[in-house]
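For the record, the sequence lines run as chains A and B. To convert, note that position 80 of the first sequence is 80 in the working numbering; the numbers rise steadily by one, no gaps. To convert, note that position 19 of the second sequence is 19 in the working numbering; the numbers rise steadily by one, no gaps.
Because the hints were derived from the structure by calculation, they are not lab data. Every residue gets a Cβ at the ideal spot worked out from N, C-alpha and C, and that includes glycine. Some clues are possibly wrong.
To be verified - Every beta carbon over 10 Å from chain B, so not counted as near; a handful from chain A, in silico:
| # | residue |
| --- | --- |
| 1 | Val36 |
| 2 | Ile59 |
| 3 | Pro64 |
| 4 | Trp66 |
| 5 | Val72 |
| 6 | His94 |
| 7 | Gly97 |
| 8 | Ala101 |
| 9 | Leu102 |
| 10 | Ser104 |
Unchecked claim - Chain B side only, calculated, beta carbon under 10 Å to chain A, not exhaustive:
| # | residue |
| --- | --- |
| 11 | Leu12 |
| 12 | Leu49 |
| 13 | Ser51 |
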Amino acid sequence: MIRIATGYGKKPSVGGFETFSWYFFRVSGIVLIFMVIIHLIVMHATTDVACTTYDFVAIRYENPLWRLYDWVLLTLSLLHGMNGLRIVIDDYVHTRGARLALMSTMGVLTLAFFMLGTITLITFPYAPANLGAVCLPH
Amino acid sequence: MWSWLLHRVSGLGILLFLLIHIVDVSLLGFGPAVYDDGIAIFDQVIVRLLSLALVAAVLFHGFNGIRIMVIDFWKRGVAYQALMFVVALVISVVGFLPFAYFILQPVIPFLQTHATSLIR
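Looking at chain A on its own, in the form it has when it is part of the complex (with noise of 0.2 Å):
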């Protein structure tokens, strides 16, 4: 069974949700520093960040892995930071209600740039006609 943090009660101390919180922003920050850092290298030193255009996008993304590679990073990145935020909110927020209203709200926001990343992802037109210069003009 998940178990929350609710502020109430015992806290869980070994098992339940708060245990693979622990355990998951550990695993994620690894596995997060190297695909970061390799993703800050592609975007903004061998290529400069005026030519990651459209067509740049349309190039990388002929290989699956790319996309494979961003989902992995938009997924890992997007539950740490919001566990990140979850956490956050229950330190400094000890109101039932406004627990219950940020925790949801924080829920539902994160299903919803999941969803609109991994949508981004899937239908990005595989090997689009029309590429031509790929930095931006000056």
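We have chain A already, so just place chain B on it with the hints.
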């Protein structure tokens, strides 16, 4: 305490950017003209400077995260936590410098003109 505060603030800042970034990437669905208009914002000098803040936040959050894991899983981790905080900061700064160069390099002429006009 400073490492805890920096970790929390950098984490929330990165999350804010992540949400913005998911939306700006979703402009891909509206075709090249719309998406490239969005990317043009990242080409702005002021947004490049904001990108530097993001890179700094990401590097610190990552390296301090490693420090947290070492404290958690290594018996003697706690004894070295203060030293490891300094190490995390140093590695972050060292890693930040090449990114700062690559991100600012295309706008160096712009920055030079405005810096010299300020000095005059």
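Report task. State the violated hints by number, sorted upward, taking the hints as numbered earlier in the document. Result -> Failing hints, ascending: 1, 12.
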